[in-house]
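Each residue of the sequence shown is one higher than the last, beginning at 1 in full-length UniProt numbering.
Fair warning: there could be bad hints in the mix.
Cβ-Cβ distance ranges computed for the label pairs, FRET-style [said to hold, decoys possible]: (1) Asn199 <-> Leu3: 37 to 45 Å; (2) Phe117 <-> Thr154: 17 to 25 Å; (3) Lys197 <-> Phe117: 28 to 36 Å; (4) Met204 <-> Thr36: 19 to 27 Å; (5) Met204 <-> Lys116: 29 to 37 Å; (6) Lys27 <-> Leu215: 36 to 44 Å; (7) Lys209 <-> Ile132: 15 to 23 Å; (8) Arg5 <-> Pro109: 14 to 22 Å.
These aren't lab readings, by the way, just hints derived from the structure by calculation. Using N, Cα and C, we set each Cβ at its ideal position, and we do this for glycine too.
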Amino acid sequence: MILIRLESKGPIFYYSYRVGMGYKIFKFYKFRSMHTDADQMVEQLKHLNQYANDEAQTIKTKPLTRSIIAYSNHDHILVKDDELFEESEYEQFKALEDKKAFVKINNDPRITRVGKFIRNTSIDELPQLFNILIGDMSLVGNRPLPLYEAEKLTTDKTVGRFLAPAGLTGLWQVTERGKAGMSAESRCDLDIEYALKHNFWMDMKILFKTPLAALQHENV
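Make the full structure from the sequences, and use the hints.
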């Protein structure tokens, strides 16, 4: 706590609104590991998001004008907010947006030096014990998501992750955390698997694996 205060201006504790089980929104507490304007920088750094597929980023979907449609053979046209899109291109565009549902930035410039240490050792997560005590979270579950991530996971394929309690640790953390190349789709699949299969013994196994998983080497 002293080191956090000495290195950068701002509060020792940080909270943000997160979405847990059943889309319940609550204040989520951590030790502050970033500069105080970190949330405002998300939009500026979205091009560094590791979950965004590089190939998908080449998709350029633009609205079609009525004159173009009149002189072409577009059989499947979608209308959205008074704009017209060719169906296959629009589906590609939506696939790109889904890949950006989670945000993971390698060597994130928003993180302080002390913040890097407490994140790599998961010390920054300790204040969430308060969330557990007041009933917002469980020890084991799916990670509660920031609002800007949760609002993109409302489709039939992804909504199942919110059937599980919000957790301090979970299946994704003990199997894939810190591994390079993990897609947003794979992470969501693990969340849904936990939501459908979790039980006491599964939770105990996850808790047993958590101490090793808590140590990571990526600066994210």
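Structure-based check of each hint:
Roughly 40 Å separates the CB atoms of asparagine 199 and leucine 3, a value that falls within the hinted 37 to 45 Å. Checked against the given bound of 17 to 25 Å, the beta carbons of phenylalanine 117 and threonine 154, roughly 36 Å apart, lie outside it. One distance hint, 28 to 36 Å for the beta-carbon pair lysine 197 and phenylalanine 117, holds here, with the actual separation near 34 Å. Distance hint check for methionine 204 and threonine 36: the Cβ-Cβ separation is about 38 Å, which falls outside the suggested range of 19 to 27 Å.
Between methionine 204 and lysine 116 the CB atoms are about 31 Å apart, so this pair conforms to the stated range of 29 to 37 Å. For lysine 27 paired with leucine 215, a C-beta distance near 27 Å fails the hint of 36 to 44 Å. Between lysine 209 and isoleucine 132 the beta carbons are some 19 Å apart, a value that agrees with the proposed interval 15 to 23 Å. Range check, arginine 5 to proline 109: Cβ separation about 21 Å, and the 14 to 22 Å hint holds.
Taken one by one, the earlier hints fail for this structure at numbers 2, 4, 6, listed in ascending order.
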